[in-house]
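Please model the complete structure; the sequences and the hints are all you need to start from.
Residue numbers (this note's numbering), protein chains in the order written: chain H, 1 to 286; chain R, 1 to 286; chain S, 1 to 286; chain V, 1 to 286; chain Z, 1 to 286; chain E, 1 to 286.
Calculated directly from the structure, the hints in this document are not laboratory data.
You may find that some hints are simply not true.
The list treats identical chains as interchangeable, and a pair is accepted whether it falls inside one copy or across any two copies.
As the list claims (entries may be wrong) - Quick list of in silico lysine to any residue cross-link-like pairs, SDA-like style, CA-CA up to 25 Å:
1) K16 to D230
2) K192 to D81
3) K46 to N226
4) K174 to D220
5) K192 to G263
6) K185 to I231
7) K174 to A47
8) K192 to L253
9) K234 to Q210
10) K16 to G97
11) K234 to E84
12) K257 to S194
13) K46 to E212
14) K174 to T44
6 protein chains.
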Amino acid sequence: MPTLKPLSPVPNHIIKRCVDLAFAEDLGRAGDITTAGIISEGTTSKANIVARQPGIIAGMEVARVAFASANKNICFNIHIDDGEPVASGDIIGEVSGCTAGILIAERTALNFLGHLSGIATLTSKFVDAIKGTNAQICCTRKTTPGLRALEKFAVRAGGGMNHRFGLDDAVLIKDNHIAAAGGIKPALLAAKSSIGHMVKIEIEVDRLDQLEEALELGVDVVMLDNMAPDILRKAVRIIAGCALSEASGGVNLNSVKAIADSGVDMISVGAITHSAATLDLGLDFN
Amino acid sequence: MPTLKPLSPVPNHIIKRCVDLAFAEDLGRAGDITTAGIISEGTTSKANIVARQPGIIAGMEVARVAFASANKNICFNIHIDDGEPVASGDIIGEVSGCTAGILIAERTALNFLGHLSGIATLTSKFVDAIKGTNAQICCTRKTTPGLRALEKFAVRAGGGMNHRFGLDDAVLIKDNHIAAAGGIKPALLAAKSSIGHMVKIEIEVDRLDQLEEALELGVDVVMLDNMAPDILRKAVRIIAGCALSEASGGVNLNSVKAIADSGVDMISVGAITHSAATLDLGLDFN
Amino acid sequence: MPTLKPLSPVPNHIIKRCVDLAFAEDLGRAGDITTAGIISEGTTSKANIVARQPGIIAGMEVARVAFASANKNICFNIHIDDGEPVASGDIIGEVSGCTAGILIAERTALNFLGHLSGIATLTSKFVDAIKGTNAQICCTRKTTPGLRALEKFAVRAGGGMNHRFGLDDAVLIKDNHIAAAGGIKPALLAAKSSIGHMVKIEIEVDRLDQLEEALELGVDVVMLDNMAPDILRKAVRIIAGCALSEASGGVNLNSVKAIADSGVDMISVGAITHSAATLDLGLDFN
Amino acid sequence: MPTLKPLSPVPNHIIKRCVDLAFAEDLGRAGDITTAGIISEGTTSKANIVARQPGIIAGMEVARVAFASANKNICFNIHIDDGEPVASGDIIGEVSGCTAGILIAERTALNFLGHLSGIATLTSKFVDAIKGTNAQICCTRKTTPGLRALEKFAVRAGGGMNHRFGLDDAVLIKDNHIAAAGGIKPALLAAKSSIGHMVKIEIEVDRLDQLEEALELGVDVVMLDNMAPDILRKAVRIIAGCALSEASGGVNLNSVKAIADSGVDMISVGAITHSAATLDLGLDFN
Amino acid sequence: MPTLKPLSPVPNHIIKRCVDLAFAEDLGRAGDITTAGIISEGTTSKANIVARQPGIIAGMEVARVAFASANKNICFNIHIDDGEPVASGDIIGEVSGCTAGILIAERTALNFLGHLSGIATLTSKFVDAIKGTNAQICCTRKTTPGLRALEKFAVRAGGGMNHRFGLDDAVLIKDNHIAAAGGIKPALLAAKSSIGHMVKIEIEVDRLDQLEEALELGVDVVMLDNMAPDILRKAVRIIAGCALSEASGGVNLNSVKAIADSGVDMISVGAITHSAATLDLGLDFN
Amino acid sequence: MPTLKPLSPVPNHIIKRCVDLAFAEDLGRAGDITTAGIISEGTTSKANIVARQPGIIAGMEVARVAFASANKNICFNIHIDDGEPVASGDIIGEVSGCTAGILIAERTALNFLGHLSGIATLTSKFVDAIKGTNAQICCTRKTTPGLRALEKFAVRAGGGMNHRFGLDDAVLIKDNHIAAAGGIKPALLAAKSSIGHMVKIEIEVDRLDQLEEALELGVDVVMLDNMAPDILRKAVRIIAGCALSEASGGVNLNSVKAIADSGVDMISVGAITHSAATLDLGLDFN
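Right, here's the structure in full:
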């Protein structure tokens, strides 16, 4: 079993922006009026973040920032690192300090942790499903608006790879671009002549003849869109290592193994970010 | 069958903030380098937003703002209003104008539309499952950070009701508050003495004896947490219309009907916001 | 005499936003050029914040954040808590540390403290004026733009209650809504069918016949607009505890006692937020 | 009687920032739920902004932006320009268009207009009180946090002059600076050597001997702090036109004329910004 | 001579953010007090933006947004597109409309235009200096903080290519990374195993033996740091098309031709963004 | 030789805003992927910031904030204060702590330091060039958008003076204002009647007859635009100390001494902010 890849962290300013936004929408103008009316100042507590179902954890640093934002003196001890598996009942982390602060941050922290761990967990299911093949699972731009950097991190935590982060860091020529340019060749040539030398180019092809045209001109990655496993296999043979191959379209936990067996390098799955259920986590006061 | 309730719109500044954030994270520093290199300036297109599976639509105004943000002159014609059902293949809306602008906004618009329609669709399934009862489905604070107002709107579009929007607009006394206050009575009294006259109070109870204590002191809503349908039925009888009753905990599409049959007024379901899969939508160029 | 209600604090991010804005507009692009040119680096001082007239204090936490924003190492000792009375000459708090930082934050801190204490002080005058009655003083949405959360806090510090914080956290049906809807009944029914179960409804009535129509349909609070004390008394009798009653319109320190004697539950006073004079405070260097 | 000075407008981005902030705090997350539930889409209205007491108007542009922010198609006709007087009952402006938009913006627009017109009105009372003298009324930095630029505009609308806008655009050497520097001379020399050639210098003096020391070194403005009218008169004679003179401290509508008669050039009044009551305005639907 | 590459535009939200910031720092709290006091409302003018020295233009869209921000009705006609050359005296663009608006935006528009055109002009000098070779000029991350996207655009306008936009869109392994990792091999392997398939890898080498080690492992681009032309020539021969070569370090207008003649693919020049003098432009009123 | 003037610091919030913006554009969505993949967590380093050419340093506080933003525990020891000269090879400051944090902040810190020190250095060259005269060098509003406050600070660090910071803190009547007003007299009178008593007025004159007209009406500063040294000398004689004189237009290191010898008080130079090359600085790991 390969060791987990090092997890490139999300930039601090993005975590902070996401947490600030979450608090602003949860605290509104009057703050936590329930806690303010009931919990005496100076009360302190300990509580555990507990997994209520098995999965892969992602978002501990976001949770830490959330509790710290509510009250600077809340201690947050991480028991399970991002990318590690948990069983139902496992204690993921422990918070201690100002009770009011813990209650104020509870939902915000859990919303992030549950959402990101849900993505990591679903990603890891796809990764597990293709174990033994050479393929890797990667994400798409089908992410929840405002949370892309965090969700792409969760994909990494789940053992997946990241596709491009936006429209600006890599070229992906799709069917509409090809149609507008009048074919694969003019599209590829136009793209190549307009970008810098640090930018990769991927092109989407639907048929094997398109593939050959693309390979002739040279391209870093070929997206094989909605092809059946046997067609994928042929495509991989045609590519012959001259580009990376990426299968895409209609991938699910039932179909992914057959796709991976075709020999493609990457399998991109929108569902891991746009349709992952939350991982059920709770905060239990001691 | 009751007519759909009027949909209170999301404030403009929230839609704008969400769309701006989504564009910033998708366009990065260099913008859509694929489109810029390939699509000639002045090219125009028409495209349809099409449902690839049945569901309930939510987020058309967000999509409209997304396309308008990419290019002021893109026309956006809404075929299906928020809250309306679609079948697979239905055209939801139509965009026309600057091709580059349409391509730039495509993923952002679809990410919002798919996410919100997914929530509306899942909500409507819960609503449908309890048709014929007096209960209503409502949401929780278990929402995706940064998108709460939009997601609560999607719940309304799916026929659900909104629970409180944050920690500040209603009191919800939970187990930890009760424990910290030393019981239901001191917790309720403390809360009542600290809030304004326009704020409702809900209290969570786990057992029927707690319920009676709460009702004696007077409360607007009682959350009946994790109670089996027969216990819920007893609770509803005890409440006898003196407060609204809200069932909560472990609600899913299998269990919801039996819960509703107990006679409770509200059933809160975290899953409709934290675990809804996206509704599959696509943009087809004509 | 009842003990002061616990003061629900203003969310940190709102205080920070208000203080940041105040510093930005006071420091401009070049900062405190007087202090920079004259006060040697490393100079430290002690200074007292002193009341120059009697009143009720509100805003100490805002002042603390202001001094801390100017220089992290300034100590701020609170002598008088928010909600407590001061006599002329009383020391409210004490700052010590970097002289330049104290001078830079002085005006910002005093502007907040004076403004909020002015509101708390005027509120307490209304509260004192109706002592012995069952009525409570509450605020309105007639607040200074940008400072609503802080001003509503100051009202609480002065012994008043908070009305709704915005257009979104409670329903208040006014004359124009009634006119547009074609009467009290259609307006109330429309409102009821469109909101969640955690939202209270108040309706404004000008005449006693309107009141009876509203009560029949059920409503949480009735605003009795611009009614003379004897009419108010009749209204209270008609309401008979089936809703909270709120007197509104033309309330001042001369008229408020007679209004309270009518038996209403709440008296809303715009003047406490929109027309309170500052409380005169100064910073005296030792 | 001199003609009103041209009113330098507040920069657009400041008006926009203030209005955006006001809407954000009023609309919260759910928007105007009363109006959304009751007012049918497409309904239009006309309404007048009416003065309910006499005064000087300020803030019409802010009101215009507020209504336009709620709905782009609301027409706003200005009947009374900023700086002009109104009698009770006068129509100040007229709005027409989308009823929901008008209702949503009503309180925000009136809060700004009432607050700023209140400042303009109080300023004009001070200006009127010293008519026939050579003195002018000016404001201070004792403004409501976040609204300084708007409040300074309102002072101009009321016929007053603006003192410096912040700590950065002019030097004002106060008692604490003098004490820290070890005297008037070292303070003035330090300040002069550290600032640019486009920056004016004012120094605060409490006694006539300080005044002479300051004048010897040369200074643009002398603040005569808390001096009785006869001392002010002596000070003006000593200054003899070599600097502008500004009386400050304890100025009210009773004392201001005697102060002005002393011959000072400027009289600064904190009350016009920190203690002006709102001007009573209303929105009457036709 | 090759045709100019299509210029990928800077995302709108970046232009808007830059222009808003520029206006905020120029208008401050009181706006353009000179223009407000002197120019009568309603006055209109025409003015030309004129080159006072030859160069390449960049930033016309930024200038357009600047004038439009000052006043919506100012017309801006572009005579010279971004990327085109101008001679001294050439009219670049023409503004007409509200005189006050033109005066307010003049400096902001010219500051952007002059700065970006200065970069484009200096870039084009480097590009011209290596005409006839196969090398291309590219930029670095040595840009003015806050303006990177605009400056990278200006480089494109001047005929240069863009290196990576930030630390996140491509890997560049430098000497310190190599030292920390314990050599080229461990550094490259670590980098390769942690990134997605759409990310390019460049490694900096100082000596030819390092180069061979890097090529064995496979890498997209090799940065040849501070090598003399004859060493570069050897390096290019060793690379033999297996990677792109980028010369870097100590490049100036005197040295660049010899570097290009070595056969490298790219030459990165920090000076084109960090040391370009402004292009002298003026606004002449008709 | 006069001692260096005390350097009025840039307000903290401006430094923070500039650094935040720089990090956001450098770290993007994925952060420093090179460092994350290669540098082990917990690794620490020491590194020196070293001058690679002689100059004047400015921006050390900005650099300190940059490193602290990347990692709170990075120590930053300043060896050379802002405003002090360095020789090639001098160590300016020393950073120690988290290696990843140092690498992440390196470019941002150096970009600020190099840019601001470049301005300070060029300014000091102009200051040195006129040593022995009574003139002072001052800056203009021709600054890099977004960085004005920092660049004006760098000018002070280089021994220069600051002209106005924006359109709002001083009046500068230019040729277009004079033309629009119908002459110097109406322009000056209009300006004088519209501004506060803390605002200085400068007027631009092209000819000596204009100068006399301006002086008659009284003005704080006269800008002598594009006049030859002998005309400047005449102008200085005419002014005779009744206003400050400022020479402007076409000033360079060759022409500045002759201009200063004319006896003018100030010489404004756009080039020191808009055309200063960066000061070459590097970060050397120990």
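Okay, the hints, checked on the actual structure:
no., hint, verdict
1, K16 to D230, "neither (47 Å within a copy, 46 Å between copies)"
2, K192 to D81, "between (41 Å within a copy, 23 Å between copies)"
3, K46 to N226, "between (51 Å within a copy, 24 Å between copies)"
4, K174 to D220, "both (14 Å within a copy, 24 Å between copies)"
5, K192 to G263, "between (27 Å within a copy, 20 Å between copies)"
6, K185 to I231, "within (22 Å within a copy, 37 Å between copies)"
7, K174 to A47, "between (49 Å within a copy, 15 Å between copies)"
8, K192 to L253, "neither (36 Å within a copy, 27 Å between copies)"
9, K234 to Q210, "within (13 Å within a copy, 39 Å between copies)"
10, K16 to G97, "both (21 Å within a copy, 22 Å between copies)"
11, K234 to E84, "neither (37 Å within a copy, 44 Å between copies)"
12, K257 to S194, "between (37 Å within a copy, 24 Å between copies)"
13, K46 to E212, "neither (62 Å within a copy, 30 Å between copies)"
14, K174 to T44, "between (56 Å within a copy, 17 Å between copies)"
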